[in-house]
Structures are given as structure tokens and as C-alpha cells.
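Residue-level listing of the chains:
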Amino acid sequence: MRELTDGSTAIVRGAVDAGCNFFAGYPITPASQILTAMTREMPKRGGVAIQGEDEISSIGMCIGATMAGARAMTATSGPGISLYSENIGMAVMGEVPLVIVDVQRLGPSTGGATTAAQGDIQFVRWGTGGGYPIIALAPSTVPECYTLTMKAFDLAERFRCPVFLLTDKELNLTATTVDIEDYQRVEVRPRSRRSAETSIEPPYSYDPPDAVGAVATYGDPAIVRFTGSTHDERAFISKDPATVGALNEHLVAKIHAHQDEIDLVATDLDPKATTAFLSYGITAGSMREAVRIARADGRRVSAATVHSIWPVPETAIRAILEGHDRVVIGELNHGQYRREIERLAGPGTEVIGVHRNDGTLITPADFLEVLI
Amino acid sequence: MSILTTITPLGSYRNDSPYPFCPGCGHKSILDNLNAALVELQVDPAQTVIVSDIGCSGLSDQYFITSAFHGLHGRSVTYATGIKLAQPELTVIVVMGDGGTGIGGTHLLNAARRNIGITVLVFNNFNYGMTGGQHSATTPTGAVTSTTPGGNPERPLDICASVGVNGAGYVWRGTNFDTDLTERISEAILSESFALLDIWELCTAYFVKSNQFTRRAIDSTLEELGFETGVLYRDGRPEFTVAIREAGLSSLGRPPDGPQPIPSEWTAQLDHPFLIEMAGSAGGRVRSAVRIGAIAAIKSGLYASQRDDYPVTVKTGHSLSRLLLANRPIDYAGSEQPNVLVVLTDDGYRKVAKRAARMTGDAVVYVLPEFSTIDTPARVVVLDPATLPGRIGKGDLALVVLAAVVEHSGVIPIEALRSAVAAGPFGESNLAAVAHGVALAAK
Ligand code: SF4
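In order, the protein sequence lines correspond to chains F and G.
Counting in my numbering, the first sequence runs from 9 upward without gaps.
Counting in my numbering, the second sequence runs from 6 upward without gaps.
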């Protein structure tokens, strides 16, 4: 059976099925549909959805609610991510599970509210001070919007950190036909919570560095401390180099040591192809259409859709680079992800960028042009 | 709020660490009063969250045995709101300085409007202590600070009036020297509403030094400004966590919105992706007509996508809608060159004129008579609604013309379109519109 729906709707359904029970957001095109739909959905399950007075309060409320046991999500676009920035850093530092949807629109600044872009790729990676790993997933179809939203919630719990879902105006607002069986559910693990028996356990743990401690939640039988400042395992502010060093090493190690649990790349390889296309998000759709056209024409080409943008799925991308003479990366920006691919490419592989930053989509023809 | 019911009452909510504040700093005495209030109320330390802002007062939470949240500068009220919304039974107390009040002013106003049940203690010493005595939103006019060496030219913020006129449940102003401070803090917490205490105090390290400011100067400043003290506002309207849940009660228990399957009952022959673009104006129900077309296509076993383009001011100007049809899942819905273009209005034509001129000979443009001479190499089919019996309303025209296009082009069975319109709330009038379209195509 099929239906006609869009990415925003699929994200909301994914959030609901992931057990999300708190949403706060501020209206912004093209993310507002998520806010309005969550406002409709949350009360059905006894949850709360609220329109904050601004983006800063919206993410702030999500962080507060999460620490009080909620499973929270917020959604905005590039300009809103700018305002989230400081709180994103705090969510990283305080190890707050949270899903942040960035429905990208053309920038910079207010840019084009109703025009598509993929200009926030490096922004979400480096968008707050301090330097730390970030997890970001990018669906390229409406069913993937559903599935990767659930996956984002699961990774947020697994690694106790904010997780980005990167989409764009076209994916969120274009209604399209979906085969209902393509909505794949993901098991979202329950929050690992400090239990009543172990309530004297500190809320953080840095030893071993990659271990993720159970979350202490307000309302638990024992007191809970939280701070966005450098802190020891009991969440008391500390400037002791050994403590602070262990904390920061932990924030990095917990993600990098377990990257295999995050990496998601869908490959469609032709063992005889010398060229591989690589893309993500809405542009990956154009890429797959180009592959179809090329193959119908008897041309050989491989393709890869990157679903886990950050951390860069280096193992999978290296394998593609090593297996082809040319890798063509398509994205709606001036080469933000291309630099990651170039960084991984050996001398034997040429990396070619197909870029567009005018609010229109990269077409299948744009990819095919490189094949000629 | 949960009151501790265990047998051993707590004599203090302070831990062993001594306060870190400068000698004579007002923070110590405010926190002692807070501690005394907590003792009086016998709150459960784990069910009480002290949310601290940034600055010297932001250090406060570390000296208590309660739960604590130490966040970003000026945003403490947002975290407190989130905590309270998720667990309304918690006692949530915000400790912030006049710095946090200034940078986070909007959060205070909106928390007051909502009447969210948190208690805010403003440690108001007219300057930023931690960063070196810069002026704040509450620095009195003329006062000397490190950033107002010639005297502060700005007027100080009346915090109490700001939150008070915007609906705060409980507002008090006084000083840390007031003997009823403990009682007022208890009262604020018990008010179970948005409560704010504007507590004036001395920063001995900076403000006192630069202005020879004293306890007496606090009183004379209050007088000069005409700022009253004591309980200034009380409002008994429902607290926000109660109000927002009540507003959602009618939805509680309803199932989440899920997929809305469309059975495919007809078949359409289509070898290549086929793009129909309708160009009309706001209010012409172009997008709803195309939505019906998309559903009809799915009912015909096809895949359809709909991409709309309209100005942000939705009720005016052009309204374009593109319906892409394919016999397999659509990965790329961005095609710009339509196989069929439908021109309904001037607004619409202006947006698609260039595309019309670029179309090829095998494409078709359906137009109303007034556009019969448009510049396009495509085949032009003129549809004249005036030839129909009766007048076609502006809101029906898009659907009438879409039906004519479906019938004329044969891209999907007209029965599928009939079935798609019949289901909706305007089934009857939509069916009539389709009938008109079929008649139009016959001419
Ligand atoms: S700098 Fe001022 S506010 Fe800070 S502790 Fe010293 S006296 Fe108190």
C-alpha cells in the first residue's frame, strides 16, 4: 500500500514512535510543519509541545526537560541553529540525549526561506565552541526521514549526546508517494538511568574514557547535579587538569571508539565501474536517478548514499575511494563534504565536486555530465 | 511540590563547603535565607532543583545538598521551565544575578506571562561582579562602573514591574538586609506560580568601591527611582504546567497520526516520468487540485510527487504546483521542464513564461482563452470554461481544468480522479467540477 506524504510528517511519526514526549521549537520556514505537527501529537501521549519565545529558550527547555526524564526533540533551520549554538555545546558538555532537526534552507543569514540548500554541513559539525565530535544523520527519502529520526533518538540515548538530523526544504515539504512498508522501525533503547539502588553513583563516568554513564534524572530518589562547566564525575565544577582532561577525553572517546555503531552508508557498487557517485540528503535522490539513467544507457557507475554525515564514515568512504579512479560528490553547497572526501582520497583517486548553491536542486543531468 | 515526609527533618540544606564570596558580599546572606526557607518548608532535597545562572551567584548551587542545574548565562529560566514542564511536582528555584536578568530578559517576561511555577531569586547588585564590575541592566543612572567610567547614562530596569504587569503570580522587592526575606522566599515557593524576588544587595568588590555605595544608598536609590518594596504583585490564575496539560486533555489517548494508505484500483500506462505544472494564483485552490491529482495517480498504480511554489505571503500572488508522475518510486522530484503546462492566471503565467518559451514541440500547454497566444513552441490547447453551461467559480477552476487535462491527455484514468475527489469533504461539488472538466475536454 502507498501513501502521499512528506518528510516533515515522517520525522514527526518517527519521533512519536521513538517515544518522544517533549518538543519545543520556534517557528521558522521550512521547519514549522514539524512544530505544528508535534503540537498536535504530543498531548495525545501526555507529552508536552511548546512554542518557545525564541530558539534559545526552545532548546533550553528541551535540555531541562531531558534532565527531568523526558525524551526531547527540537526542529529549526540554519538561522535557528545559530541561536542554538551555545546550548548545543552545553548539551555536549552535560551529556544530554536530544534530537535536533535542521531543515536546511539557502543561506547565509535569512537567505532563502523556501529554497533548498545543504549549507549547514560543516556548521552543525563545528557550530559551537570547544571542539568535540558530533553525530549527524541525513535522510535522503521520506521513509528514511522516519527511520533515521528513530535512529537519531537511539544514538542520542546510546551516546548520551545531542544528535542532528539534517534534512532540507525539498525533502521536508515535497509530498511524495511512499510504499508504506519502506518505513523501517528502529529499536530505540530506553534511557540508561541511574537506578534507585545505585543512586549514589555519580552522574558521569570517565573511566574507561569511552564508557557512557547512566543518566541521573531529576525526580530520582537521590539528588542530581548538572553543569555546563568543566566538572568532575559528581558534576561539581573543576579546573583540575587531570579531571578536566579526563572529561574532555571521555567526550571524544565515547563516540570515536564506537563509530562502527554510527556509520551508515548505503552502497550500490558496480565492480567494473571506475567512477563512483557519492552524495547525501536530497541530492542523493538526483544521484540515484542519474545512476539509473546511466546504467540504462549501458554505462558503469557505482553509487553511495551517506546517511551518517558525522562522524565521517571513513572506513566505508575509503573503500569506495580505493575501488574507483574517480569519485563524484554532489551537494548543495560549495564543497563542504567534498573536503572530507578529499582528505581521505589517496593519490590514485580523483575527487570531483558537483555543487550548486542557488536554491535549485542538483539534477541527474548534472551528475551525468561528469560521466561523459 | 513535594514536602519531605521522612522522619528526620533536615536542619540545613547546605553542604560542608564554605561560600566562595568576597567578604561583605550580599550573596552569602541571601543564600542563608534560602537555606532557612528550605528548612522551614522541609522540601525533599532530591525533588528540589536549584537552577543557577552565570556570575558569582551562579556558583551558589554547589553549596547546597539539593539537586542542581548550572547552565548558560541568562538562560536559567529556560532550563527551569523545561524541568518543571517535564516534572511539575519538582520544586524549581532559579538563582540569577542582574546580569542574567538583562541578557535573559525575554525569558523572564515569557515565564511570567505563562505563569510557570518556578521561583526566581534575583541577586541584584547593579553590576557584573565575576567579570570585573561592568554595568548591568539594573545599574542606577549616574553610577560608575568599569564600563561607565563617566557615570551610567542608562535607566535601570524595573524588574518587578516588568514581570508583574506581564502576569507573574508573585513579585516581591526588597534587600538582603530585610528580616522577612526567609518568609518571603517560602511564600514565593509555596505560591506555586511564577514567583520573582528582586533582592537588592551589595557587591563589595566593585560596586561598593566605585560608588561608595552603602546599605543606606540602596534605600535612597529605591526612593529616587520611586521603586516600591514588599509584595508588589499577586496573581491567582492557573499555573502553566497545569494549564498546558489541561489544554491538551481533549487529545489525550488519541492514536498518533499514521500513514493514510491509498489503494491502487486502476492502472495507468506511463513509460517515462511525466510532469504536469499548474500555474495559477493564490486562492485559486491550485494546490488542492494538484493534491487530488496526486492521489488519483496513486489510485492508478503510479507514483506521484507534488512540489509547490508560492510567496511567503500565502494569500496573494502566484501559486504554482507541480505534479510529477512515474511508474516507479520518485528519487528526483525536481524536474523543471513540464510535459504539460496549465496556465490559469496572469500571476501564474508570469512565473512560468520562460519555461513555456523553452518547451518542446511534443509538450502541451493548456490555457484559458486569454492566454491562447502565449509564446511557446509547445502545442497549445485552449480550454474555454465559458462554453460550459453555468458559471465556474474561481475556486473550482483549477480542478475543472485539471480534470479536462486528465481526460484530454489520458495520463491517468478519469475514474481514478473521480474516486479521489469523491472521498473529500467537498465530494459533491468536486465531482461536478470533474464532470465539467470532462465536458470541457470534449470540446
Ligand atoms: S565580586 Fe561582587 S558579587 Fe562577586 S563575590 Fe565579590 S562581592 Fe560578591
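In short, the hints are calculated from the structure, not lab data.
One or more hints might be untrue.
To be verified - Computed footprint of chain G on chain F, listed as stretches where at least three residues anywhere in the stretch have a Cβ under 8 Å from a Cβ of chain G:
(1) 49–55
(2) 69–75
(3) 151–162
(4) 232–240
(5) 271–279
As the list claims (entries may be wrong) - Cβ pair distances, simulated, as ranges:
(6) Glu189/F - Ser22/G: 54 to 62 Å
(7) Glu350/F - Val387/G: 53 to 61 Å
(8) Gly137/F - Gly137/G: 17 to 25 Å
(9) Arg308/F - Gln342/G: 35 to 43 Å
(10) Lys399/G - Glu322/F: 36 to 44 Å
Claimed, not checked - Over 10 Å on every C-beta distance to chain G, these chain F residues come out as not near it, computed from the model:
(11) Gly227
(12) Val260
(13) Gln344
Ideal Cβ placement from N, Cα and C applies to all residues, glycine included.
To see whether the hints hold, each was checked on the structure:
1. Requiring three or more residues with a Cβ within less than 8 Å of a Cβ of chain G, the coverage given for the stretch 49–55 of chain F holds, as 6 such residues are present.
2. Here the stretch 69–75 of chain F counts 7 residues with a CB under 8 Å from a CB of chain G, which clears the bar of 3, and the coverage holds.
3. Residue count for the stretch 151–162 of chain F with a Cβ under 8 Å from a Cβ of chain G: 0. That is fewer than the three needed, and the coverage hint is violated.
4. Residue count for the stretch 232–240 of chain F with a Cβ under 8 Å from a Cβ of chain G: 6. That meets the three needed, and the coverage hint holds.
5. Requiring three or more residues with a Cβ within less than 8 Å of a Cβ of chain G, the coverage given for the stretch 271–279 of chain F is violated, as only 0 such residues are present.
6. Checking the proposed 54 to 62 Å range against Glu189/F and Ser22/G shows it holds: the Cβ atoms sit about 59 Å from each other.
7. Look at Glu350/F against Val387/G: about 55 Å separates their beta carbons, and that is inside 53 to 61 Å.
8. Roughly 21 Å separates the CB atoms of Gly137/F and Gly137/G, a value that falls within the hinted 17 to 25 Å.
9. A beta carbon spacing of about 28 Å between Arg308/F and Gln342/G contradicts the range 35 to 43 Å that was offered as a hint.
10. The hinted range of 36 to 44 Å is not satisfied by Lys399/G and Glu322/F, whose Cβ atoms lie roughly 58 Å apart.
11. Not every Cβ of chain G is farther than 10 Å from the Cβ of Gly227/F; the closest lies at roughly 5 Å, contradicting the non-interface assignment.
12. Distance check for Val260/F against chain G: the nearest CB is about 22 Å away, which clears 10 Å, and the non-interface claim stands.
13. For Gln344/F, the condition that its CB be more than 10 Å from all CB atoms of chain G holds, with the nearest at approximately 20 Å.
The structure is inconsistent with the numbered hints 3, 5, 9, 10 and 11, although it conforms to all the rest.
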